[in-house]
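*Asks:* The lines below spell out each chain.
There are 2 protein chains.
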Amino acid sequence: MPVGGAEEKLPGAEILNCFVALSGGDSANVVVIPTASRLKSTGRRYRKLFRELGAGEVHVLPFETREDCTRQDWLEELERADGVFLTGGNQLRLSTTLGGTPVAAALRRLNEAGTTVAGTSAGAAFMSEHMIAFGEEGPSPRADMVTLAPGLGLLKKVILDQHFRQRDRLGRLLAALAYNPFGVGVGLDEDTAAVIDRDNLLTVVGSGAITIVDPADMSFSSMDSAKADAPVCLIGLKVHVLVAGATFNLFTRVAEPPTGL
Amino acid sequence: MPVGGAEEKLPGAEILNCFVALSGGDSANVVVIPTASRLKSTGRRYRKLFRELGAGEVHVLPFETREDCTRQDWLEELERADGVFLTGGNQLRLSTTLGGTPVAAALRRLNEAGTTVAGTSAGAAFMSEHMIAFGEEGPSPRADMVTLAPGLGLLKKVILDQHFRQRDRLGRLLAALAYNPFGVGVGLDEDTAAVIDRDNLLTVVGSGAITIVDPADMSFSSMDSAKADAPVCLIGLKVHVLVAGATFNLFTRVAEPPTGL
Numbered sequence: 001m002p003v004g005g006a007e008e009k010l011p012g013a014e015i016l017n018c019f020v021a022l023s024g025g026d027s028a029n030v031v032v033i034p035t036a037s038r039l040k041s042t043g044r045r046y047r048k049l050f051r052e053l054g055a056g057e058v059h060v061l062p063f064e065t066r067e068d069c070t071r072q073d074w075l076e077e078l079e080r081a082d083g084v085f086l087t088g089g090n091q092l093r094l095s096t097t098l099g100g101t102p103v104a105a106a107l108r109r110l111n112e113a114g115t116t117v118a119g120t121s122a123g124a125a126f127m128s129e130h131m132i133a134f135g136e137e138g139p140s141p142r143a144d145m146v147t148l149a150p151g152l153g154l155l156k157k158v159i160l161d162q163h164f165r166q167r168d169r170l171g172r173l174l175a176a177l178a179y180n181p182f183g184v185g186v187g188l189d190e191d192t193a194a195v196i197d198r199d200n201l202l203t204v205v206g207s208g209a210i211t212i213v214d215p216a217d218m219s220f221s222s223m224d225s226a227k228a229d230a231p232v233c234l235i236g237l238k239v240h241v242l243v244a245g246a247t248f249n250l251f252t253r254v255a256e257p258p259t260g261l
Numbered sequence: 262m263p264v265g266g267a268e269e270k271l272p273g274a275e276i277l278n279c280f281v282a283l284s285g286g287d288s289a290n291v292v293v294i295p296t297a298s299r300l301k302s303t304g305r306r307y308r309k310l311f312r313e314l315g316a317g318e319v320h321v322l323p324f325e326t327r328e329d330c331t332r333q334d335w336l337e338e339l340e341r342a343d344g345v346f347l348t349g350g351n352q353l354r355l356s357t358t359l360g361g362t363p364v365a366a367a368l369r370r371l372n373e374a375g376t377t378v379a380g381t382s383a384g385a386a387f388m389s390e391h392m393i394a395f396g397e398e399g400p401s402p403r404a405d406m407v408t409l410a411p412g413l414g415l416l417k418k419v420i421l422d423q424h425f426r427q428r429d430r431l432g433r434l435l436a437a438l439a440y441n442p443f444g445v446g447v448g449l450d451e452d453t454a455a456v457i458d459r460d461n462l463l464t465v466v467g468s469g470a471i472t473i474v475d476p477a478d479m480s481f482s483s484m485d486s487a488k489a490d491a492p493v494c495l496i497g498l499k500v501h502v503l504v505a506g507a508t509f510n511l512f513t514r515v516a517e518p519p520t521g522l
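So the sequences go chain by chain: L and D. Counting in this note's numbering, the first sequence runs from 1 upward without gaps. Counting in this note's numbering, the second sequence runs from 262 upward without gaps.
Please note that the accuracy of each hint is not assured.
[Stated by the list, open to error] A partial selection of chain D residues facing chain L, derived with a Cβ cut-off under 7 Å: (1) 353; (2) 408; (3) 442; (4) 484; (5) 487; (6) 500.
[Said to hold, decoys possible] In silico contact screen, one side only, chain D against chain L (beta carbon under 8 Å); selected entries: (7) 320; (8) 361; (9) 441; (10) 472; (11) 485.
Hint data in this document are derived by calculation from the structure and do not stem from the laboratory. From the three backbone atoms N, C-alpha and C, an ideal C-beta is built for every residue, glycine too.
Build the full structure now, drawing on both the sequences and the hints.
*Replies:* See the structure below:
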């Protein structure tokens with residue numbers, strides 16, 4: 001469940017509520033991983049929020065160093081989680097700290113076994129196999145405007161971007177997709193989440209939109225020959241802008257409007 | 262079988278010979294994919310070489326556009342291959358042309374089923390899940406010196422670099438690894454190949470060296486906080502420089518010298 005950042009935090013907040021419900025509600029054991037953030041208060045703040053929203057138990061596991069990621073007591077706590085929440089901050093702090101450690105392996109295993117894993121902003125970016133580490137703003141793709149890095153690997157054929165319309169990130173998402181048009185681009189607006197189930201069905205939750213870019217039928221790309229700072233020519237991209245209740249099947253690549261509309 | 266580029270092409274050339282032998286020698290049906298190259302002569306040149314080296318049959322499949330990658334006659338030819346050779350050129354031409362097409366899917370399926378897949382230079386870079394698209398030279402890692410892109414995905418936890426010592430690429434390989442230290446860096450010198458078998462055992466072939474960088478025990482990295490063009494601090498990397506006959510197990514991460522030394 002990747003979240004586009006800046007999710008509503010008042011009582012009754014839809015996205016955080018949805019995460020608690022998916023994790024089991026009042027019987028949920030929620031673990032918060034604030035590694036992306038440099039603020040000591042981030043973990044405590046989410047603990048308070050999730051308790052107010054009725055989660056059964058909330059634990060903060062503040063992995064700060066790679067050595068922290070081998071602490072047996074924290075790993076055992078993590079294994080008991082019904083839901084894991086990765087906070088925002090810097091996704092490179094997540095990948096450099098957790099990458100290749102028992103924490104990353106546990107998150108993949110838990111998610112595979114049914115534990116809900118959510119992440120907001122940097123926490124969302126980190127969830128896919130190919131993660132946008134950093135990049136530039138702007139609507140048109142340029143060859144050198146985005147830097148990819150290996151992420152956690154919960155989502156294999158998806159490239160995520162967050163704060164999507166708020167920070168004008170269509171260009172960098174298109175550039176990332178153009179490197180290898182094998183996957184689907186998912187641009188998450190703020191206060192908007194993608195709930196992805198076992199069958200690869202993505203459902204939109206929250207107040208903004210999710211922009212889906214599907215390059216499956218792209219017939220031409222100049223990415224391999226474009227100069228570093230020149231715009232890239234891409235022909236045949238399919239785009240969907242989805243709001244709350246709309247769905248997209250990441251496997252069949254079919255979008256459906258919200259039921260009832 | 263990734264090759265570091267500029268492999269010997271005289272009669273008896275060790276690396277190309279090894280590829281033909283692994284593909285079945287005089288009964289081998291070899292397919293050459295020259296997509297990375299912009300020279301029309303590249304495919305023909307390798308066809309001549311592989312014939313001289315005794316391959317049973319050699320076919321060139323010059324996929325130039327994404328539409329070419331759906332041609333049934335070429336896909337059927339590809340399905341019959343015992344060995345596939347990806348030439349050098351530009352790895353972004355490979356990923357933008359073949360990525361997400363039936364050709365990429367066929368290469369993964371064939372390799373899984375036992376077909377030898379080799380690539381030289383750009384062809385080698387393209388073979389891993391996380392591919393170095395381009396970058397800068399120099400021995401020290403800097404945060405912005407390398408651009409990764411999704412590759413073909415035959416090798417999951419490996420980042421490859423080629424023309425390794427000839428083009429002073431240690432810095433960019435270290436930068437790529439530092440984004441997420443989950444994998445192993447494999448720096449291939451020119452005229453040097455890594456033969457990787459089903460059990461993830463890598464054996465060095467050729468006249469140069471392969472530099473292995475294993476970040477599994479890295480205790481500190483400043484990648485998440487380093488300024489774009491500043492050097493990155495990395496503590497606890499393990500490095501092996503391996504020559505012909507030496508091995509490295511990509512799963513257990515154990516290096517062994519050539520037998521007899």
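*Asks:* It remains to establish, for every hint, whether it holds in the given structure.
*Replies:* Evaluated hints:
no. : hint : verdict
1   : 353  : 4 Å, holds
2   : 408  : 6 Å, holds
3   : 442  : 5 Å, holds
4   : 484  : 5 Å, holds
5   : 487  : 9 Å, violated
6   : 500  : 16 Å, violated
7   : 320  : 24 Å, violated
8   : 361  : 4 Å, holds
9   : 441  : 4 Å, holds
10  : 472  : 19 Å, violated
11  : 485  : 4 Å, holds
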